[in-house]
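Position chain A relative to chain P; hints supplied.
The chain contents come next:
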Amino acid sequence: MVLNKMNGEIRDRIVKDIHTHFSTAILKEEMNYDFLTLTLQKEHVIPVIRWLYDHEELRFRFLTTMCGLHYPDQEEELGLMYQLHSLENNYRIRLKTFFTTAQAEVATLTGIFSAANWMEREAYDFFGVRFKGHPDLRRILNVDDMIIHPLRKEYPLEDQTRADKDDSMFGR
Amino acid sequence: METDEAKITGAKYQLAEKPEGLEGTGYFATTLAKAVGLARKNSIWPLPFATSCCGIEFMATMGAHYDLARFGSERLSFSPRQADLLMVMGTIAKKMGPVLRQVYEQMAEPRWVLSMGACASSGGIFDTYSVLQGIDRIIPVDVYIPGCPPRPEQVIDGILFIQELVGNESLRRRNSPEYKALLTSYGIE
Chain P
1 MVLNKMNGEI
11 RDRIVKDIHT
21 HFSTAILKEE
31 MNYDFLTLTL
41 QKEHVIPVIR
51 WLYDHEELRF
61 RFLTTMCGLH
71 YPDQEEELGL
81 MYQLHSLENN
91 YRIRLKTFFT
101 TAQAEVATLT
111 GIFSAANWME
121 REAYDFFGVR
131 FKGHPDLRRI
141 LNVDDMIIHP
151 LRKEYPLEDQ
161 TRADKDDSMF
171 GR
Chain A
1 METDEAKITG
11 AKYQLAEKPE
21 GLEGTGYFAT
31 TLAKAVGLAR
41 KNSIWPLPFA
51 TSCCGIEFMA
61 TMGAHYDLAR
71 FGSERLSFSP
81 RQADLLMVMG
91 TIAKKMGPVL
101 RQVYEQMAEP
111 RWVLSMGACA
121 SSGGIFDTYS
131 VLQGIDRIIP
141 VDVYIPGCPP
151 RPEQVIDGIL
161 FIQELVGNES
171 LRRRNSPEYK
181 ALLTSYGIE
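Going line by line, the protein sequences match chains P and A. The numbering of the first sequence is the working numbering, which starts it at 1 and goes up by one. The numbering of the second sequence is the working numbering, which starts it at 1 and goes up by one.
If we strip away everything but chain P, and leave its shape as in the complex, we get:
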């Protein structure tokens, strides 16, 4: 079974078309595991997804997943990853965008995919990315009164209240 039918010719055309429509939107283009991965400027992510969705031929109309990212060594340390699927053509594409912690505000995808609602809440819950225009942006998996965004690397994984372990061996 072929997971991704997108060949080199279509890949080049998509990249070229995004270049013509969104000029400087693409910061980086790479191939990971047979997946076209584009790193985009933050403000262009939603327009590009909209364009891929509306495209007559490509028809990327399924949001496979999206999630938050955190690379603490990067200058723009926080990020988001979107993975789209064109069910009719069996094309898959991955989009990424990065930003600093201070600018962790991105436009919501819920206007295009309703499925993004809970995924964006999860990204907010775990990484503190705020989604502008999200209908109901609150924590989804962690307790409501949690004050940290636990998947950010500056926060320790371990529960800080446990007293029965040797601290030097554990992350506290």
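Mixed in with the good hints there might be a few duds.
Said to hold, decoys possible - List of simulated lysine to aspartate or glutamate pairs, EDC-like, C-alpha gap at most 16 Å:
#1 A:K94 to P:D159
#2 P:K165 to A:D127
#3 A:K94 to P:D144
#4 A:K95 to P:D12
#5 A:K95 to P:D159
What the hints assert, rightly or not - Residues of chain P placed beyond 10 Å of chain A at every Cβ, according to the derived structure:
#6 K28
#7 T110
#8 N142
#9 P156
#10 D164
For the record, the hints were derived by calculation from the structure and aren't laboratory data. This structure is a prediction, so every number in the text was calculated from the model and none was measured. Glycine included, each C-beta is placed from N, C-alpha and C at the ideal position.
Only chain A this time, still in chain P's reference frame:
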């Protein structure tokens, strides 16, 4: 001690042990506390609060092979109101904490709590921001069963410890100052 019935039928099983008391032909007298304790300890209705693998071991404990019914606990109560014993079996996430506490608060007195396995007792291997590091942080616990998960024999052992408590505690434990202080320390009315 063999019962009279056992003497007649030759069976080797044993019914509940008779408490201390005065005995003679045609009568037996003991204290009310002992009689009630005997009845209570041999008819504990457990409320299984099973969230993970310890729950699977509990299913084995309830099954024919280990058969908790032998100890008077065959009737599981899925309503907290009718339950005597809250059995917490498995990892309790912090988000589950208030639910567990509410279940405990809904139980009528007298009530006991058994914490089964490493996760319920201390958080176990889940030393992480999302997991409650032991249910005794939100509700009082009477008996802890160690293990990951404990074997059914250990669960039965824990139940026997609970029975020991149930049989020997005062009739109205809820009125004792120690018990009131304990509940107050947990913020439970």
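Against the structure, the hints come out as follows:
1. A:K94 to P:D159: Cα-Cα ~11 Å, so holds.
2. P:K165 to A:D127: holds (10 Å)
3. A:K94 to P:D144: Holds: K94 (chain A) and D144 (chain P) sit about 10 Å apart, inside 16 Å.
4. A:K95 to P:D12: violated (47 Å)
5. A:K95 to P:D159: Holds. K95 (chain A) to D159 (chain P) sits at ~14 Å (cutoff 16 Å).
6. K28: holds (32 Å)
7. T110: holds (24 Å)
8. N142: Violated, since 6 Å does not exceed 10 Å.
9. P156: violated (8 Å)
10. D164: The claim is violated: D164 (chain P) sits with its nearest Cβ about 7 Å from chain A, within 10 Å.
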